[in-house]
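Participant: Residue numbers (our numbering), protein chains in the order written: chain A, 1 to 235; chain B, 1 to 85.
Derived from the structure by calculation, the hints contain no laboratory data.
Certain hints may be false.
Stated by the list, open to error - Simulated pairs of lysine-lysine, DSS-like, Cα-Cα distance not exceeding 25 Å: (1) Lys40/B with Lys2/B; (2) Lys19/B with Lys109/A; (3) Lys2/A with Lys23/A; (4) Lys10/B with Lys40/B; (5) Lys109/A with Lys2/B; (6) Lys233/A with Lys2/A; (7) Lys109/A with Lys10/B; (8) Lys2/A with Lys73/A; (9) Lys233/A with Lys23/A.
Claimed, not checked - Some, not all, of what chain B presents toward chain A, calculated at C-beta under 8 Å: (10) Gly18; (11) Ala20; (12) Ile21; (13) Val71.
Even glycine gets a Cβ: it sits at the ideal position worked out from N, Cα and C.
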Amino acid sequence: MKFGVVVFPGSNCDHDTYHVISKVIGQPVDFIWHRESAVGEYDAIILPGGFSYGDYLRTGAIARFSPVMGAVKAFASRGGLVLGICNGFQILCEAGLLPGALMRNASLKFICGHINIRVETDDTPFTSRCRKGDVLSVPIAHGDGNYFCDSATLAELQRENRVIFRYSDANGAITEAANPNGSLDNIAGICNRPRNVLGLMPHPERASEELLGSSDGRVVFYSLADTLAELAKAS
Amino acid sequence: MKARIYVTLKPSVLDPQGKAIHHAVETIGFRAIQDVRQGKYFEVTLDGALSRDEARAEVERMARDVLANPVIEEYRVELDSNSDA
Chain A
1 MKFGVVVFPG SNCDHDTYHV ISKVIGQPVD FIWHRESAVG EYDAIILPGG
51 FSYGDYLRTG AIARFSPVMG AVKAFASRGG LVLGICNGFQ ILCEAGLLPG
101 ALMRNASLKF ICGHINIRVE TDDTPFTSRC RKGDVLSVPI AHGDGNYFCD
151 SATLAELQRE NRVIFRYSDA NGAITEAANP NGSLDNIAGI CNRPRNVLGL
201 MPHPERASEE LLGSSDGRVV FYSLADTLAE LAKAS
Chain B
1 MKARIYVTLK PSVLDPQGKA IHHAVETIGF RAIQDVRQGK YFEVTLDGAL
51 SRDEARAEVE RMARDVLANP VIEEYRVELD SNSDA
């Protein structure tokens, strides 16, 4: 199995993500420069956090026109696993790979700190090692994380069990006080209909080692590795 | 030929930045301001060889595909009235 971490101009969590996959999860990983037009050799693609293209126009709005995004779209449509973290989530929404948009935080403040998210389902390649209801302590660091979509889309996400992470308190209660940015329905992460593309605002790669205060986030990468191992065995 | 493009949040979408601006101008004494909505404004210069219809079509496409995010925003295009093409 091989992971690819896309590097856009302005990505700044690419090395953290690379580090977690290579050193914590112990799997092969490459950086993929945004000008690449093929990603065929990879089994999972990660769009990391950061401020691609300086967040000009809208967060993720310019990155989606990078050559690599055409390849990522084709990869996703073939069922390839794509994970977007923070700015990566914003890019996936702008690119139309996930529904909705990430708007300015309701508080208008850039928020940086540990929060809790509740795992809403283990039925994705990204949460297969979790149990529904698990609470993960992971950091957020964003100015535009306020998830919004129209009511028909929200109903569809809920009906199809595609809200994967929601902001919660430490006990897993979904409350307004636990919602850091004004996101609709406390949404922290969603997946697409075929469940192979997931975006989330929190940073699991920044919470994958005890040294950093929490290792709760690494379950996402372990889940991905498990899924890829099973796929490899099956083929 | 010049075009002006206004991108605004849909009326149904909350605008915390507009609200903050509204609140700020109230605190410094503006009493008659009832609401503020913040948006984006673009000035685009087009190839002078285009007809007005072609220019409008080009700018509309750019606004729809790039400048506005249709999930949360809408746009309005104005072509420069002084253009003679």
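Participant: All hints, please: hold or fail.
Facilitator: Hint-by-hint comparison with the structure:
no.	hint	verdict
1	Lys40/B with Lys2/B	holds, 17 Å
2	Lys19/B with Lys109/A	holds, 14 Å
3	Lys2/A with Lys23/A	holds, 14 Å
4	Lys10/B with Lys40/B	holds, 13 Å
5	Lys109/A with Lys2/B	violated, 36 Å
6	Lys233/A with Lys2/A	holds, 14 Å
7	Lys109/A with Lys10/B	holds, 22 Å
8	Lys2/A with Lys73/A	holds, 18 Å
9	Lys233/A with Lys23/A	holds, 23 Å
10	Gly18	violated, 11 Å
11	Ala20	holds, 6 Å
12	Ile21	violated, 10 Å
13	Val71	holds, 4 Å
Going through the hint list in order, the structure does not satisfy hints 5, 10 and 12.
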